[in-house]
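Start counting the sequence shown at 161; every next residue gets the next number (our numbering).
Misleading hints may appear alongside valid ones.
Said to hold, decoys possible - Ranges of calculated distance between the beta carbons of each label pair, as one might list FRET restraints:
{"id": "1", "residue 1": "E183", "residue 2": "S235", "range": "31 to 39 Å"}
{"id": "2", "residue 1": "A212", "residue 2": "D187", "range": "22 to 30 Å"}
{"id": "3", "residue 1": "G251", "residue 2": "L184", "range": "18 to 26 Å"}
{"id": "4", "residue 1": "A222", "residue 2": "W166", "range": "28 to 36 Å"}
{"id": "5", "residue 1": "A212", "residue 2": "A241", "range": "16 to 24 Å"}
{"id": "6", "residue 1": "G238", "residue 2": "G169", "range": "25 to 33 Å"}
{"id": "7", "residue 1": "Q263", "residue 2": "D188", "range": "14 to 22 Å"}
It should be emphasised that the hints constitute simulated quantities derived from the structure, not laboratory data.
All C-beta atoms, glycine included, are put in the ideal place defined by N, C-alpha and C.
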Amino acid sequence: MGKFAWQDGVAFLAGLVALVAPELWADDAGKQPLMVLGALLALAGLYALLGAGGPTPWTTTAFALLVFVSPWAFSFAGEAAAAWTAWIAGGIAAIVGIWGATQSGGGLTRTGGGRTTTA
Numbered sequence: 161m162g163k164f165a166w167q168d169g170v171a172f173l174a175g176l177v178a179l180v181a182p183e184l185w186a187d188d189a190g191k192q193p194l195m196v197l198g199a200l201l202a203l204a205g206l207y208a209l210l211g212a213g214g215p216t217p218w219t220t221t222a223f224a225l226l227v228f229v230s231p232w233a234f235s236f237a238g239e240a241a242a243a244w245t246a247w248i249a250g251g252i253a254a255i256v257g258i259w260g261a262t263q264s265g266g267g268l269t270r271t272g273g274g275r276t277t278t279a
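Could you put the whole structure together from the sequences, leaning on the hints where they help?
Now the structure itself:
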């Protein structure tokens, strides 16, 4: 197994938070978009953690940005719990993802067990 990238762990945990948090609220504000986008972010992070040849750091960052903008895109920005969950989970994952993608050379291909590599 290759080098562990903590950025992938952050993406996985942020996705889990976005996936599980709507079940903890009394209302259903933003439940469906957060659960779907959180699942996509968690899966992208998990695939990267496992070293599977799958999403690049930029793909994971794109999912994180979708989580971040979801309160405005799906009109639940007025619901404090849902909106703040999306902004915090998506924002942290996006910042870490951008930082990790630029540190890894910014390539668009992934090799198993490591960060993105360029030719």
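Against the structure, the hints come out as follows:
Distance hint for E183 and S235: a CB-CB separation of about 20 Å, inconsistent with the stated range 31 to 39 Å. At roughly 36 Å, the beta carbons of A212 and D187 sit outside the given window of 22 to 30 Å. Distance hint check for G251 and L184: the Cβ-Cβ separation is about 19 Å, which falls inside the suggested range of 18 to 26 Å. The given range of 28 to 36 Å is broken by A222 and W166, whose C-beta atoms sit roughly 19 Å from each other.
Checked against the given bound of 16 to 24 Å, the beta carbons of A212 and A241, roughly 33 Å apart, lie outside it. For G238 and G169, the hinted distance range of 25 to 33 Å is satisfied, since their beta carbons lie about 32 Å from each other. Range check, Q263 to D188: Cβ separation about 39 Å, and the 14 to 22 Å hint is violated.
Hints 1, 2, 4, 5, 7 from the list above are not met by this structure, while the remaining hints are.
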